[in-house]
Amino acid sequence: MKKSLFLTAALCGSMAANAELSKTDFANNDYIAEWGRLKLVGNQLSSQDGKAIQLKGWSTFSINYDEVKNCLTQDGFKAMKAWGANIVRLACYPENSKGKYAEYQDNDIQKYIKWASDQKMYVLLDWHVLEGDGGSGNPTKYTNDAKGFFQRNASWCKSNGFINVLYEICNEPMGQSWDQLKNYSNEILPVIEKADPGAMVVIPTPQWDQNPHEAANSPINKTQYNLGLLYSTHVYTCSHMGDVVPRMVGATTSIPIFVSEWGAVRFDGDGNLCTNEANQFLARLLPSGNNGGQLISWCYWAWGEKNEQSNCIKNCSQPYNSSNLRPSGEYIVPVMNGGTPIKEIEPSEEWAIQEIPMLGKDYGTLNVGWFDKGGEGIAYHDANSSMYVDPETKADVKTGDDAKGTEAEICNMGVIYSGIKDYETCFRYDECVDVSNSTSGLGANWAAPGDGYGTTGADLHNLCMTEPGEWVIYTIDVKKKGYYTVRCMTNSTTSSDGTIGFQIAKGTNPGQNGNIIRSWAEHNDPEAEAWGSFQLTATPKCGMYPDGTQDPSGAEKGNKGEDWTCWGWVDAGADLADDLTVLFKYEGVQKLQMTISPDAAKQPGDLSNFMFTFKSAEIPDFEYEDNSQDGVNAESADLSSVAVYPNPAENEFTVTTGGAANVSIYSAAGVMVYNQNVEGNVVVNNNFPAGIYTVRVANAKGIKSIKLVVK
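Heads up: the sequence shown at position 548 corresponds to 828 in our numbering, and the numbers run straight through without jumps.
Some clues are possibly wrong.
[Stated by the list, open to error] 20 Å max Cα-Cα, derived PhoX-like pairs, lysine-lysine:
{"hint": "1", "residue 1": "Lys759", "residue 2": "Lys895"}
{"hint": "2", "residue 1": "Lys400", "residue 2": "Lys438"}
{"hint": "3", "residue 1": "Lys391", "residue 2": "Lys331"}
{"hint": "4", "residue 1": "Lys349", "residue 2": "Lys394"}
It is worth saying that the hints were derived from the structure and are not from the lab.
Just need the whole structure built from these sequences, with the hints factored in.
If you want it as structure tokens, here you go:
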């Protein structure tokens with residue numbers, strides 16, 4: 281950005297003095313000239329020259345209504361820009377007072393796009409389907425209207441040279457599954473592609489744009505469109521930090537996220553501001569705060585003078601100065617202009633590094649109690665809701681042999697339900713993940729700590745009282761890359777109505793994030809999709825060792841799992857296949873995130889689990905290499921012909937591929953600085969700073985990396 285520190289300081293001073301923002305503002309920032317036609321580099325929204333960017337600005341209320349129209353003046357767009365916005369989301373409701381979208385709105389829409397463009401800002405044109413106020417929240421009710429809307433306005437943008445317009449094809453759908461929303465999207469996307477090819481499009485996700493993880497499990501095939509596809513998430517920080525935000529954090533490993541609407545209030549737009557939570561949420565939009573390392577763009581709700589706490593403006597007819605800001609505006613303006621620093625999320629530290637496979641064995645045990653250190657929001661998220669008879673957030677525990685022991689508030693329900701008075705002897709008693717020592721062992725009752733690998737006694741741990749949206753981070757060391765079958769130790773109380781997800785949250789190679797669950801039947805298919813989750817089932821019998829053999833002593837205990845103290849190993853399952861595996865593509869130390877989603881309609885805790893094993897399956901290396909980058913479908917290049925010259929290089933160099941391939945380039949810090957699908961050789965002239973880079977060429981036969989020195 282061209283903004284200087286002086287301008288930032290001057291802006292804050294101007295606001296403090298209640299002066300109109302006409303000189304000391306962001307008016308000299310030409311975002312369109314600086315960033316150009318936006319594109320995706322991997323899952324990162326980027327400028328035309330491939331640099332990661334973050335759009336941030338306001339979303340309007342419906343442009344149909346006077347409470348917004350009064351604010352959508354040329355002065356209004358100038359005020360947004362002056363306060364730090366580089367994008368505005370125009371909310372166009374399908375239904376007006378007559379119950380149907382009116383085409384006369386196109387004139388207003390195009391006028392607003394011109395005014396925003398005059399300010400060198402980007403525009404997100406939003407087809408604002410809404411539940412309530414006569415709307416059903418069902419986008420398919422307006423499919424034909426939506427096609428006409430985007431055909432007219434996208435064509436107008438293209439013919440008039442507005443490269444700064446993005447399109448959101450549906451707002452907050454309700455009652456639609458992801459499959460239904462995918463079908464809807466596949467009807468609208470061809471219309472936009474024909475009208476404005478290469479544009480960025482924001483795709484809806486289920487349940488008011490609150491379930492991006494469902495889209496991450498089965499995203500739209502991006503290779504079939506000449507469009508950049510992002511996926512919407514909506515967050516209100518007084519309501520959604522415990523469920524929607526963890527889903528978004530996990531989804532970033534698989535799909536590009538755009539937070540097209542959020543606010544620092546309740547989901548209904550009212551109530552006191554939750555600014556601490558809002559700052560935590562903003563930290564999740566930085567690369568250090570989400571699993572995919574994305575810098576995520578956002579629009580804040582709302583620009584208008586509606587009498588709701590979420591609204592930022594008191595009176596749109598008044599001068600735009602700090603005295604005209606409502607509390608929500610007073611919070612977001614310093615955030616938007618950089619006056620409120622957002623603290624990055626610190627990485628977790630390992631509790632233990634768990635080997636997969638273990639030394640001398642063909643399987644690796646994931647002990648669920650050995651989650652990383654770092655606490656809530658860093659190493660884990662534990663809901664601690666009031667879903668239980670005894671709320672997790674407040675439970676008095678006494679230590680000592682008598683009733684006069686010291687009282688303490690404990691949030692680990694595993695400790696509370698253990699009944700142990702001397703709670704400090706309990707495993708990880710001072711952390712909120714509901715974990716405890718095993719009281720059963722492998723088909724046996726309490727045993728002393730065993731060999732450290734979870735194959736005997738109290739080395740095993742149990743997660744209990746699980747709730748939707750909880751997650752835990754583990755540090756693993758993959759000694760051998762490849763496919764692994766998954767088994768889980770469970771007891772008879774385990775329910776199959778919920779799911780467990782596995783994702784690599786941070787890997788050893790650039791871009792190594794995402795879902796790792798696969799079908800064995802598809803292990804030869806480079807285009808096969810990864811899944812986000814699988815189901816668990818109750819143990820059919822007691823006392824199974826991780827390698828699948830029976831513990832004779834355990835077989836005598838319990839009656840085929842009917843006793844809750846009887847644990848056993850079962851194969852993980854999935855709706856789509858019985859041959860579930862996980863795929864570790866790279867060796868080395870990496871972070872594994874486990875997400876926990878029991879059926880909220882049932883008693884929480886029914887999905888409680890014990891531990892997992894990943895058992896190695898012998899597969900030739902070439903069958904699971906990362907060979908499907910960005911949909912390279914043409915005849916594959918011969919990797920032996922891959923070369924980079926000159927090397928060292930100064931400004932320009934050539935990458936030879938010998939055929940169709942994906943070429944990506946990473947800095948020494950692991951940041952992707954170039955990404956392109958090519959049919960043959962490519963000349964790169966991006967004026968990279970001097971340093972060491974890695975040039976990576978990927979095709980269906982494998983990957984080749986070459987070190988490049990730029991002088």
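Verification of the hints:
1. Lys759 - Lys895: holds (12 Å)
2. Lys400 - Lys438: holds (17 Å)
3. Lys391 - Lys331: violated (30 Å)
4. Lys349 - Lys394: holds (15 Å)
When held up to the earlier numbered hints, the structure conflicts with hint 3 and nothing else.
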